[in-house]
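Full structure from sequences and hints, please.
Residue numbers (this note's numbering), protein chains in the order written: chain H, 1 to 302; chain P, 1 to 528; chain C, 1 to 235.
Relax, there's no trap hidden among the hints.
Label-pair restraints from in silico Cβ distances:
id: 1; chain 1: C; residue 1: Ala52; chain 2: P; residue 2: Ala52; range: 24 to 32 angstroms
id: 2; chain 1: P; residue 1: Pro22; chain 2: H; residue 2: Gly248; range: 57 to 65 angstroms
id: 3; chain 1: P; residue 1: Gly62; chain 2: H; residue 2: Gly248; range: 37 to 45 angstroms
Sample of chain H residues lacking proximity to chain P, with all beta carbon distances greater than 12 angstroms (derived):
id: 4; residue: Thr32
id: 5; residue: Pro70
id: 6; residue: Tyr71
id: 7; residue: Ala102
id: 8; residue: Ala149
id: 9; residue: Gln153
Since the hints were made in silico from the structure, they are not lab data. Just so it is clear, CB atoms sit at the ideal spot from N, CA and C, and this is done for glycine as well.
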Amino acid sequence: MNVALFITCLTDNFYPRAGIAAVKVLERLGCTVSFPQAQTCCGQPMYNNGFHPEARALARRMIRIFAGAPYVVTPSASCAAMLRESYPHLLLGDPSAAALAARTYEFAEFLARVLKPDLRALGASWPGQVTYHPSCHHRALGPDDHAQALMRQIDGLTLIPLDKAEQCCGFGGLFAVKYPDISGAMARDKAACILATGAPTAVCNDAGCTMNIAGACRRIGSSGGDQGRNAPLPRFTTLAEIIAESLGLLPSGTGFQPVSSSSPSSLPQGATAGGSAPAVLPPFASTSSSPPPLPSTRPPQS
Amino acid sequence: MAPPTPEPAAPSPEHPLDPPLPYTIAARARRAAADLQLQQFVNTATRNKDRARAAAFMAAFGPRLDEVRSLAARIRQHTLDHLDAYLEQFVENATKTGAVVHFARDAAQANAIALAIARDAGAKLCIKAKSMVTEEIRLLPALEAAGVTTVETDLGEFILQLDGDAPSHIVTPMIHKDRTAVARAFVRELGAPYTEDPAHLTLIARAHLRSLYRKADLGITGGNFLIASTGSLVVCTNEGNADFCMSGPRTHIAIVGIEKLIPAPEHLGVLLKVLARSSTAQPLTVYTTIITGPRSTGFQPVPSSSLPSSQPPPHTPDQDQDGPAHLHIILLDNGRTKLLADGADGGAREILRCIRCGACLNACPVYRKVGGGHAYGAVYSGPIGAILTPSLKGLRNYPDLPHASSLCGGCSEACPVRIDIPRHLVRLRREMAASGLTGVRRRIAMRLWAAILQRPAFYRLAAAAQRSLLRAAAEPGVPPAGPCTDHRWLTDLPAPLDGWTAARDFPTPPSSSFRDWWRTRRFEEERP
Amino acid sequence: MTMSINTNLGEPRDDFLARVRAALRRGHPIAPPPPPTPLPPSLEPARLVSPASTADLADLFAARAQAVGMRITRTTDADLSARLAALLTQLGIRSAATSLTPGPLADAVHAALRAADCAPIPRPAEPTLDHHYPADAGITDAHAAIAESGSIVLRSGPHHSRGTHLVPPIHIALLRATQILPDLLDLAPTLAAASSPLPSCTLIITGPSKTADIEGILVTGIHGPREVHILLIDE
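Following this line, the structure appears as structure tokens:
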């Protein structure tokens, strides 16, 4: 099965490990993954902000680049929704927009609806607790959120329910920058719910959400806002990474972490294929948002 | 328990829903973000209602849920697409029932008509039910200025009126007020003893309002629906206050937006089913009253019906016992035809489907965080207000409303008539960008950004530059990581991006991108 | 009966309707628009309760009405007067306003009032709701009921005031099981002017008067009655 990967600009630059994991999982499940190098961005920021001529140009470009691919798979729900829901509106009456929309899948959706793997039979194992934040664009993709169903197929993985899961985290692209009071309140609310689960790992499949929520968690941690909380901040990861780790395609215990030099680093989960486990630093409550760096007792990483 | 010292009602420099224009949301949003008590009220009230709504729909309709919403949407859309025919039908039928139908192009005309009717009726005391339209046209000040004492009868609105305050939610108007505020208002304005018990407070209001019901000579309501084929008006409440307004006084005026029309009684059933469930998670509001003409004064019954025998026997009206001698229905345009005219795909006409259930307000995280309706600076708040207000009152007057949203889609998921609110928000943003209402800086930045994204080489260059700049400025993280996970952190971004770091930290890119990995994966040991 | 009021303060009707037509891009402003194509073939997807036996509908109605806070007493024609008298006594009702179609049901009610030593309040000649205010209770029959929502349906008329169910603090309604319709959709013929003029007021009542405006705390009896009792006369 030939799959063209649409990596998305945010994942490419900020969370490449999610893309790497997606490629490895797709290949493990029998796909041949191609990566059309000419791709850049789906144009969502332009579209959302009302710059539709510019968005249209980028949309036409994307349609050309992915014209031959039988399946287009992307690790971002919001970008998948852009191609599926918004391109047909943006390019009203253009059959190529509808054609691309019909071939576009978000990663979890592609596994659940097309590949339908039996992860249990493949020996997927990932002992540990996670909580899951469903990004808002899953609403646009369809009623079923496939990520949870897939995680339930993984041996040893415990899903801890997230309070107010359906409430938006407050990213919204430029909204986060332009309306900091509103966006910040939403982000803090979401971060507090995630921290309240006590889960060491948080799964979130939208890079924008992850930047926002992890950033909010880190700000809570470093400003002592979490009431003398001793536990480390959760590691943020994606469904693709969890599946890849569960199948031994990527080392577990590594990945994106909102750790600051002034807060305890987290203990990695599962076996670590490379890199040493960092020592636990004493908790440090700081009232400023930019605490000075503490001397680290860890050996420096190269 | 000694009552606390009552505080005087604070004089408000501006009516909360009628601020100076153009209106920006920042100041009120900032105040609301800091007001934890307000956050608490609004959060609890709305989130519980949202979950109750979802549960009620699931319990009633199960897997047919979306089909029923689509049915309700289709009924509303069809009516709008043929509004001219249905309006004519309504006017003809309503007039036959003995109602007088008036036509108000705008708020000023609507108020003038209402005043003329009040004057002609010699009305001194008017009792009124909650109606968004009457807020929209600012009816109360007009009546008061003309010497007609007007009392709000909906409990929430009554309390807000005593306090010189304004509603903050289109269904539950005083979610921003607590019982102590009510107690103080009753002591101050009604001379009642201080009590914080909601049941006692309610009895105080009931007794006071009843004394007015018996004296009122004019009743004013809005309308939830107008039925074209029968010329009927439908009013829904839980309190029953509207029924006092419609049945006691000699004259009843109903002011209704033209978009409230539905073709026939059978459609009412579908819309009622979704209205109360969306609004307050009930199968129906306690009182659903269908008014067809004023008090009837006697005429001959029309012979035999073709109703099946299971149906109740046909009614043969003679002379009604009571009810108003005069029924006036004021049909209001006030900008609705402007929205109606935009009937293109994704155009504004769809917004007129709204049945004012408030479900979108209850689902909206922005609404919760800005402390409810006052932050929107207009009568219609929440997601529907964010698209309706700029459309009715001008985008340049409310430039924030289309942008103060993360486009999460909670609203469109909750809407019983399937208005795609995020799509309309984006359309309004497009109109703003096209007409130069979006700032110059953003325009330039967007166009530059789009130009870079058109050329992969520029994109890669810009990504690399961004990576270097951000990482150089950042404090190092402590990652157990390789080159794809060695993010650093920034706690202070410069303007215009400082809004981000005002509320949270910002992760830099790691030192390697996905493209880097893809390019070298065949030649290096894979170690992300 | 038309008002003497000068309606020219509003916009002339033709101008108003012409603007609506223009918004919908009709070719000619004055001629009547073509009739709309009929709406969806069926509203049945919205149906929640299918037609059923009288007994089944009565049971469902009783459950739903109870769920919305109304109190149901099942009875028979033979028992009706005694049950009503007992209820009046139990609730301490000394005076009651009535809205009842003349006939056996009304006779049974008046008998019950006498038995419970309860004074019926005479209706005044003028069209006013005033006489209801001192009443302890309002007693009405019903035009119909809806099982789906647990609602009763009343209509105004020569024997039915708009205020009997509304003004006194307690409303007692008499309903025959045969009057119960399955679903709200089945009320449409009652609301349609198919063959006879509609009453000026049709009321669908689904519970006692209530509000939660103060901090979301539910309080009943804010304007309308705080209690609604239904005597359901089984077939």
